[in-house]
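Chemist: If you read the sequences in order, they're chains W and B. Note that the working numbering has the first sequence beginning at 965, numbered continuously upward. Note that the working numbering has the second sequence beginning at 75, numbered continuously upward.
Among the hints, a few may not be true.
What the hints assert, rightly or not - Reference listing, derived: stretches of chain B covered by chain W, where coverage requires no fewer than 3 residues with Cβ under 8 Å from a Cβ of chain W:
#1 110-123
#2 129-140
#3 184-193
If you're looking for bench data, these hints aren't it; they were derived computationally from the structure. Quick reminder that beta carbons are idealized off the backbone N, C-alpha and C, glycines included.
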Amino acid sequence: MRYAETGIYLEIDLSRGNIEKIQSDPRDTELYLGGLGTNAKMIWDRVPPEVEPFSPENLLIFSAGLLCGTPAIGCNRTIVSTISPQTRLMAFSMMGGFWAPELKFAGYDKVVLRGQSPSLVYIYIRDDKVEIRDAAHLRGKGAIETAELIRQELKDSKIQVASIGAAGENRVFFASIEQGRSSASRGGIGAVMGDKGVKAIAVRGTKDIYVARPEEFLKLCQEVMDYIKFREANPIPGVMPILAGLGSPQEMKVHDEKWHTENFMWGNSRVRRKDFWNEDIARQWAETLDAMRTRLISCYNCPMKCGATISPPGHPTYMMKCFSKLTYTMAAFADLEFGLKIAQKATEHGVDGFSAPQVMAFAVELYENGILTDADMPGFPSNNEERFHWLLERIVHREGIGDILADGTYWAAQKIGKGAEAYAHNTIKKHEQLPLKLSMLNPIYFLMYSTGEKINITQIEGQFPQAPFPTREAREEFVKDWFQVPHERFKQYFLDWEPRGEKSMPFYPTVEMCCDIVDWQERMHYIDDALGMCAGLSSFPLKPPYHIHNYPKFISAGVGIIMDEELLTEATKRYRTLVRANNIRRGMRRVDDKPPENHWKKRFPELEKQLLDAYYRMKGWNLDGIPTRESLEALGLDYVAKDFLERGILKEGEEAGLDPSPSETAHQ
Amino acid sequence: MGETIKKKIKRIKIDVNKCNGCRSCEMICSAYHASPKYSSNNPARSRIRVIRDPLRDIYIPVYAGEYTPAECAGRDKYVIDGKEYEECTFCRASCPSRPEFKEPDSGLPLKCDMCEGEEKPLCVEWCMAEALVYEEREEEVEDIPQPEELEVGLESLANKYGMQQLLETVSRMTQKD
Ligand code: SF4
Ligand code: SF4
Ligand code: SF4
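One chain only, chain W, in its complex shape (with noise of 0.2 Å):
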């Protein structure tokens, strides 16, 4: 019997039909666990670097966390991953909601997509009976719509379905997946669920899920409860409200967006309004939401409510996700009424919050500066808010000038050419980032931005403060209830770390310390990432009621396999290196480990070839970012070191960390 996950995945080949059900090897969830893990293990093992995002061998594996569906509070996640046509790597996206507990339910951990369907079609998977069903009449309809259709059509208001919009049906590069509350967003997933010709999957399950230790398990869990009771109550002093307490239920539930407003960079990431918010926005804004937001909502099994039902005057009603909030807003240097409203189409529409924006706002940049001109703008409003729209419908039909937009910033600055790749600066890895940018290096971010294969700076910083308190005692105050931390190290980096002289940045917290940090903060992300927990309760906020010491009993008493934190630990190293070897293997190198251009005004190029250096260090690769054979093998990952060794990524008899010259191209 297994406990926690089902044991079985569902394998659907488009191009012939076939649906075939799977039966998982447990031993790869004792090495890799589940969710990302496992992708990760999937991505390599079958599709190598010459597959094309738009390829009938790309796979589009959904997969349900390991914990999904079981009691663990808040663990809901879906991970999708894929080969992504903007960065052309490894892509791995999360939603939330209730759509993987439901997989799981219906007996299933993964349903992994191959081939390419001949004409639009969607998923019905009930229990045991699956079906490819057609799905010509949703053709062109928003993602939202296409859920309620189907759930209409299948008779059953408890489906739970996970659909593309416009934008994934025409294959935008940003396009998401939507599903009620939430979307995996990032990496363009949604684009390459469009090039399958799946427009939805919907589940429904009815079937039980088992813990191997009951008691212990509940136990857990209602520890977890009683710490975020405690956290509701005590919220952290002296940071901002974003990170006083957990979830991110800020965005929805607080009226005042003073710092989120004043602190990210408006329009194409350019311009920063210090002195935005004043009294008149703010109950202007508070009206806005008051008048929109009709109740707050939470994704399964989870009390912290970060979602909001949002009905626009004269717009149909949608679930908005956190920020989103605010994207459309400040990229078009607009009020909240407008990006509620804007926000409803481009969820139908099914694109990436942070990315749609940014492109828009990069277009009008682009125009304004005659880059691009009337020519190849035939009727582009003058009105910034009618740009938006007009843009929006553009580029999630790839008409006119939207289908060079649909690509990215990126890539239509490569094609546009005439000096427009000046105007692409917010991307890492060729993909548009947060609209941040701050004055003075910030070495842990640095680390962060460049590294992170997520693609998502706020998913992967987390459990350590963003920045020093300003008094020791304050500090002192922080650490004593600090239990989180990994190790006591980390409270004395903390309790250390001064705003200003010489315990301050960017040469405190120490490389090494950095390195420290950022390896924590990670290894909580990829265990929410295997998982399936979200990181609202756990990576993401200060002091959160999963960490590093609960996870392995939680895992142990779940799924019945033999956890500690140090074999916990290891086995997230496993798979992050092993999204790094996908990566490495389609061409990613050191070069490509960088943040947005212009992110930081003031720069330290030697310190952050040491951060580098470091980083790289610590995690066993060479001076090129390239995991060791030395290390690939420590990990039990000797498959990779004898395909890095086939392809000349690696070199016999070279030794670890040597590698004199880190190469000087990006890859293609």
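Starting from the structure of chain W, add chain B with the ligands where the hints point.
Modeler: Just chain B with the ligands now, kept in the frame of chain W:
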């Protein structure tokens, strides 16, 4: 007629405005009723169901009441606060016409037992939104014996297959031993 006795009345007060649709209540109810306790969970076995229709802002936790052998003849529609509801949305019965409150494998009806043996109903404990509030009071009631779970199950089987067939099956089964 039974005699009058003092009885603890257990109730759950439901505030639909507070429900966030998380379905924790369904999860924990099914886990509690698994055997051994908490060894598995499956919302399809829960004795509380959250009727959710997010786009119409409908979130109604309903817990299972008596089993009814017949479905109702008419089904009224209600409009509350501009939202339209079918009568079934509020109904606590498991009946032939809806899948709610039936064991997914056997089709046998489920009924909320207020988590017999526990101090407080577990769905209430797990609902951090406070949409479910436990209330207790003493009341003078007539002591009418309530049918046990087994009886409810048998009754529904009898309704489904007929008493004769049920008796025959039971006697055949007992002879096998
Ligand atoms: S913390 Fe928020 S985003 Fe995370 S599972 Fe809970 S409701 Fe969903
Ligand atoms: S646990 Fe409470 S908030 Fe969650 S669905 Fe049930 S009644 Fe609603
Ligand atoms: S009181 Fe107990 S049995 Fe009744 S619905 Fe709640 S959890 Fe289930």
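Chemist: Each hint: holds or not?
Modeler: Now for the hints, and whether the structure bears them out:
no., hint, verdict
1, 110-123, "holds (count 10)"
2, 129-140, "holds (count 4)"
3, 184-193, "violated (count 0)"
In summary, the one numbered hint that this structure violates is 3.
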